[in-house]
Amino acid sequence: MNDQTGPTPPSNALRDFYQQGLAEIRAQFEQHDSLRTAGHIAIEQRAKLADEVMLRLWDRLGEHPRLKSGVAVVAIGGYGRRQLFPHSDLDVLFLLDNSIKDLDLKDPIRRINQEIWDCGIRASPQTRQLSECDSLIAGNPEFTLSLMDHRFLCGDRKLYDKLAKDALPKLLQREHRTLIARLVEITLDRHGKYANTLFHLEPNIKDCPGGLRDMNVCGWLTTLYTIAAQAQKQARPEHGNPSEFKHATDFLATVRCFLHYTHDRDDNVLYWQSQDAAAKDALALGNIGRRTVDASIWMRSFFRNARTIHRRTMQLLEEAPRVRGSSFYDQLRRRHKRSQFDGFHIQHGRIVFDPPASSKAPDPANDPDTVLNLFGAIATHGCKLSSEAEDRLEPALPVLAANLEEGPALWSHFRTILNGPFAGEALRAMHALGILELIVPEFLGIDALVIRDAYHRYTVDEHTFVLVDVLHSLQRPPEPMLANNRPNTFAEWQRRFGGLLADLPHPELLYLAALMHDTGKGRETPDHAKESARMAKNLFARMELDPYEAGIVRHLIVNHLAMSATLRRDIFDLETLRAFVEQVESPEQLRMLALLTYADISAVHPDALTPWKAENLWNLYIGASNYLDRTVDDDRVRSRAGSELIQRVTTLAPARSKEIRAYLQGFPQRYLRTRTPEQVFSHFEIASNLVSANTATRDTEAGIAAAVDLILNQALPVSEITLVALDRPRLFATIAGALSAWGMDIVNADAFANSSGIVVDSFSFIDRFRTLELNPSEHKRFVKSLKDALTGATPIEKLLASRSRGGKRKPPKVNVETQINFDHEASTHSTLLQVVAQDVPGLLRAISITVADHDCNIEVALIDTEGEMAIDVFYLTRFGQKLDSARAGLLRDDLIVAIARNTL
Amino acid sequence: MQKIEAIIQPSKLDAVKEALIEVGIQGITILEARGHGRQKGHTETYRGREYSVDLLPKLKLEMIVTDDMVDEVINTIANAARSGKIGDGKIFVSRIDNAIRIRNDERGDNAI
Numbered sequence: 001m002n003d004q005t006g007p008t009p010p011s012n013a014l015r016d017f018y019q020q021g022l023a024e025i026r027a028q029f030e031q032h033d034s035l036r037t038a039g040h041i042a043i044e045q046r047a048k049l050a051d052e053v054m055l056r057l058w059d060r061l062g063e064h065p066r067l068k069s070g071v072a073v074v075a076i077g078g079y080g081r082r083q084l085f086p087h088s089d090l091d092v093l094f095l096l097d098n099s100i101k102d103l104d105l106k107d108p109i110r111r112i113n114q115e116i117w118d119c120g121i122r123a124s125p126q127t128r129q130l131s132e133c134d135s136l137i138a139g140n141p142e143f144t145l146s147l148m149d150h151r152f153l154c155g156d157r158k159l160y161d162k163l164a165k166d167a168l169p170k171l172l173q174r175e176h177r178t179l180i181a182r183l184v185e186i187t188l189d190r191h192g193k194y195a196n197t198l199f200h201l202e203p204n205i206k207d208c209p210g211g212l213r214d215m216n217v218c219g220w221l222t223t224l225y226t227i228a229a230q231a232q233k234q235a236r237p238e239h240g241n242p243s244e245f246k247h248a249t250d251f252l253a254t255v256r257c258f259l260h261y262t263h264d265r266d267d268n269v270l271y272w273q274s275q276d277a278a279a280k281d282a283l284a285l286g287n288i289g290r291r292t293v294d295a296s297i298w299m300r301s302f303f304r305n306a307r308t309i310h311r312r313t314m315q316l317l318e319e320a321p322r323v324r325g326s327s328f329y330d331q332l333r334r335r336h337k338r339s340q341f342d343g344f345h346i347q348h349g350r351i352v353f354d355p356p357a358s359s360k361a362p363d364p365a366n367d368p369d370t371v372l373n374l375f376g377a378i379a380t381h382g383c384k385l386s387s388e389a390e391d392r393l394e395p396a397l398p399v400l401a402a403n404l405e406e407g408p409a410l411w412s413h414f415r416t417i418l419n420g421p422f423a424g425e426a427l428r429a430m431h432a433l434g435i436l437e438l439i440v441p442e443f444l445g446i447d448a449l450v451i452r453d454a455y456h457r458y459t460v461d462e463h464t465f466v467l468v469d470v471l472h473s474l475q476r477p478p479e480p481m482l483a484n485n486r487p488n489t490f491a492e493w494q495r496r497f498g499g500l501l502a503d504l505p506h507p508e509l510l511y512l513a514a515l516m517h518d519t520g521k522g523r524e525t526p527d528h529a530k531e532s533a534r535m536a537k538n539l540f541a542r543m544e545l546d547p548y549e550a551g552i553v554r555h556l557i558v559n560h561l562a563m564s565a566t567l568r569r570d571i572f573d574l575e576t577l578r579a580f581v582e583q584v585e586s587p588e589q590l591r592m593l594a595l596l597t598y599a600d601i602s603a604v605h606p607d608a609l610t611p612w613k614a615e616n617l618w619n620l621y622i623g624a625s626n627y628l629d630r631t632v633d634d635d636r637v638r639s640r641a642g643s644e645l646i647q648r649v650t651t652l653a654p655a656r657s658k659e660i661r662a663y664l665q666g667f668p669q670r671y672l673r674t675r676t677p678e679q680v681f682s683h684f685e686i687a688s689n690l691v692s693a694n695t696a697t698r699d700t701e702a703g704i705a706a707a708v709d710l711i712l713n714q715a716l717p718v719s720e721i722t723l724v725a726l727d728r729p730r731l732f733a734t735i736a737g738a739l740s741a742w743g744m745d746i747v748n749a750d751a752f753a754n755s756s757g758i759v760v761d762s763f764s765f766i767d768r769f770r771t772l773e774l775n776p777s778e779h780k781r782f783v784k785s786l787k788d789a790l791t792g793a794t795p796i797e798k799l800l801a802s803r804s805r806g807g808k809r810k811p812p813k814v815n816v817e818t819q820i821n822f823d824h825e826a827s828t829h830s831t832l833l834q835v836v837a838q839d840v841p842g843l844l845r846a847i848s849i850t851v852a853d854h855d856c857n858i859e860v861a862l863i864d865t866e867g868e869m870a871i872d873v874f875y876l877t878r879f880g881q882k883l884d885s886a887r888a889g890l891l892r893d894d895l896i897v898a899i900a901r902n903t904l
Numbered sequence: 001m002q003k004i005e006a007i008i009q010p011s012k013l014d015a016v017k018e019a020l021i022e023v024g025i026q027g028i029t030i031l032e033a034r035g036h037g038r039q040k041g042h043t044e045t046y047r048g049r050e051y052s053v054d055l056l057p058k059l060k061l062e063m064i065v066t067d068d069m070v071d072e073v074i075n076t077i078a079n080a081a082r083s084g085k086i087g088d089g090k091i092f093v094s095r096i097d098n099a100i101r102i103r104n105d106e107r108g109d110n111a112i
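Here the protein sequences come in this chain order: L and Z. With the first letter of the first sequence counted as 1, position 621 gets the number 621 in the working numbering; the numbers rise by one all the way through. With the first letter of the second sequence counted as 1, position 8 gets the number 8 in the working numbering; the numbers rise by one all the way through.
Heads up, a few of these hints could be off.
[As the list claims (entries may be wrong)] Pairs of lysine-lysine, DSSO-like flavour, derived with a Cα cap of 27 Å:
| # | chain 1 | residue 1 | chain 2 | residue 2 |
| --- | --- | --- | --- | --- |
| 1 | L | K206 | Z | K3 |
| 2 | Z | K17 | L | K613 |
| 3 | L | K613 | Z | K90 |
Source of the hints: derived by calculation from the structure; they are not laboratory data. Fair warning: this is a prediction, and the values are worked out from it, not measured in the lab.
Model the full structure from these sequences, guided by the hints.
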């Protein structure tokens with residue numbers, strides 16, 4: 001830097017010197033701005049240049065008699081840290097001895113400040129007596145925080161030493177708890193202004209979560225925690241990865257310098273155009289020779305670095321309650337009593353690993369089961385990982401990778417994590433440590449991946465976690481008011497879609513689909529949904545998901561954009577509905593797809609799901625749901641037609657293709673869509689055996705009665721029993737009654753028949769008294785009891801009598817009014833009966849026996865439960881014809897009586 | 001200079017947008033709207049509950065065009081949004097006194 005002297009007045013010469021220095025720093029930065037450390041060098045150089053200006057000024061103006069002693073000039077804040085960004089203010093403290101009054105020095109200090117401004121430096125000077133620096137100023141903790149970064153510039157060194165070695169250490173010793181509290185409060189407030197996320201389309205790289213101000217917060221908190229530990233005569237271990245943190249702060253410093261130079265002012269917003277310009281320069285990427293990169297790739301680096309700072313900040317903020325020990329910090333996290341698990345415990349809302357049981361015992365952090373249980377605990381309880389736990393997990397990754405057991409055990413762990421109400425937090429923590437990628441390496445490709453279209457606010461990985469958060473939030477009752485005091489216009493939609501979620505028998509499949517739905521974006525492919533589904537197949541294989549579950553998840557991933565695409569068409573047009581429904585295999589899939597779409601749109605951007613879109617989505621959902629139910633009877637399998645669904649079954653036994661096709665002839669298509677090919681094939685085999693075993697007597701009543709077999713799949717919370725039988729009167733009513741007699745609460749059922757009179761009925765039920773769960777030996781007796789009821793070996797009335805209701809029923813939480821509707825137009829050859837009623841045990845039996853009493857045949861039955869409401873749809877014929885109006889009227893009257901009697 | 005407001009079916013947005021871009025219209029404001037004219041709504045029953053869809057989803061497009069473009073833009077929107085069924089929508093035209101580009105204070109046709 002040239003020192004220009006000569007005939008110009010001193011202030012002009014100093015200004016020229018400073019401006020020349022600035023120009024050199026800028027030129028050097030612009031030449032090397034692709035280097036990560038370019039910003040770090042520039043801010044240090046500017047601080048050094050400013051020091052030189054201050055010294056020269058002091059040399060000239062410090063000769064003033066009143067400045068000779070008792071005054072020290074101290075650099076504080078960013079200037080004190082030697083981090084002077086191109087357009088940052090110069091924070092200078094004029095520290096006065098207690099014997100000197102501010103007024104005495106007003107003029108000489110004003111002159112110095114004037115000259116600083118004349119040089120072109122924006123100064124933020126403060127004048128304080130030493131006594132004003134040894135206590136916290138109410139309402140201005142920022143001053144004490146900036147004082148923590150003090151640095152002597154010129155003047156009375158002894159006075160400065162009093163501040164640095166006595167007054168300030170004593171103040172921090174005395175007030176560190178209050179200061180920590182205020183710092184946490186200020187930081188959380190600031191984060192709140194940015195919706196507590198670092199993901200913004202145009203982030204403010206100074207103030208956003210994960211910005212440079214967070215870097216300072218980390219520095220201050222570390223200092224204050226160290227003071228707190230020393231006060232308790234404890235050592236404070238270092239946590240985290242310092243080199244990763246340094247890398248991130250260097251990156252952001254370079255970006256901030258770039259923004260200051262580009263905007264020519266202290267403007268720290270990374271605008272869209274600035275992102276393009278930064279990518280063009282490969283800013284801070286360390287590329288030698290400045291290879292231009294795509295803006296989305298550059299932003300990916302930005303978010304990775306911001307994420308590192310944000311994570312460290314959050315870890316340190318989490319540490320605050322332990323230091324202060326006050327209920328004030330309850331806003332930070334939920335408090336928990338100490339909860340003990342195998343290998344770890346939860347203390348004050350944070351997870352801490354237990355030490356190894358002995359010096360030779362393995363470290364729990366190296367045990368995959370313990371680690372997965374730990375993330376299960378986070379998902380279930382919403383607790384956080386302690387810094388110590390993170391420090392132990394990071395080096396354990398290779399051991400975990402080597403010992404991770406795949407198969408059903410892994411799926412069981414993962415299911416617990418996905419189903420937990422805080423699954424999003426658990427998945428974020430796993431992702432931050434690389435543990436998610438051990439289980440789902442497919443996720444690596446979308447790490448911090450940016451979809452740069454001015455619409456997707458989050459990176460793809462964060463979008464996925466937000467989506468999981470949105471789904472779980474539907475389980476909670478919606479808040480009528482939002483945090484910003486505005487009415488929650490989504491409360492109604494959250495309630496409606498939340499109702500769909502509550503009805504899912506396997507919500508974990510939806511969450512798994514949510515986790516995987518965008519993984520294909522990490523590959524260059526024209527159809528990311530298909531690619532995601534292809535990648536998910538590997539995960540299914542590793543977890544050994546059963547084919548039915550894998551099929552549901554795969555279907556959801558492939559079709560996750562189908563509903564959004566349909567929303568761009570006329571959703572009230574029947575043809576649009578038909579085309580959409582063709583992509584949906586079952587009502588359960590439709591529910592999951594509606595939920596996935598709701599959450600997927602919500603997770604693109606906080607404003608992406610407008611009430612208008614939510615309403616359209618709901619209308620499409622109910623339109624499609626009704627279409628599915630109303631067309632089921634007409635949409636039958638024609639075995640001669642080429643159908644992928646039929647082929648999937650026939651490929652299991654090509655030699656028996658003809659028999660299989662004959663078996664499938666006449667079943668509603670929904671039967672094929674809601675069962676796996678393996679399940680359909682097993683039904684076919686049972687049906688074949690029944691027919692061949694009863695060939696001789698098939699036309700006799702006894703032969704028909706004997707032709708029945710059952711498959712029980714006991715599971716929690718919902719079990720399923722499927723019966724395959726030759727059709728007979730009151731079949732549906734009998735099995736419903738038998739289940740009711742055993743105290744089973746039927747939540748879902750369907751009944752289908754083919755052209756040859758083979759019936760396949762499936763009932764999903766909750767074992768209210770846990771009979772099957774607690775007594776495995778009862779499984780056989782249960783199945784035999786049902787079979788005896790169906791074959792007539794045990795009269796159903798006897799079974800029902802032996803299981804009379806014990807005690808009074810609990811009063812319902814919600815009263816459901818009985819509604820009975822007939823639709824003679826929904827099907828070409830059946831009458832549709834829909835019954836909506838209070839869901840009480842025995843309801844299905846009461847309805848089906850009444851239907852049978854009217855000589856009505858159940859062609860198709862679709863039984864569903866929504867909370868305390870039973871919604872049962874039957875397609876009925878009477879002697880092969882639709883019901884006439886008179887019969888429908890009589891049946892309605894009898895149903896009302898039967899339902900009322902059963903409810904009593 | 002005139003303002004053209006078009007109420008269209010949401011399903012016609014892509015077609016209308018593409019057609020407008022083709023005739024040189026770049027600045028469009030799109031608003032989500034609900035309403036009905038002669039096309040009344042309907043009631044959908046789902047799980048025993050009635051959901052009334054009496055206000056149908058629509059999109060409202062707004063654009064300011066120079067006088068010489070008005071007829072072409074109207075025809076373009078009408079052709080792209082027309083299905084021939086009730087509910088295709090409406091187009092309204094009104095006069096605008098002035099337009100100002102905030103960034104550089106340009107006024108009149110130049111600000112469009």
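> Does the structure keep Z:K17 and L:K613 at a Cα separation of 27 Å or less?
Replying inline: 19 Å, holds
> Within 27 Å, alpha carbon to alpha carbon, are L:K206 and Z:K3?
Replying inline: 42 Å, violated
> Taking only the CA atoms, is the gap from L:K613 to Z:K90 under or equal to 27 Å?
Replying inline: 22 Å, holds
Figure legend: structure checked against the earlier numbered hints; the only hint not met is number 1.
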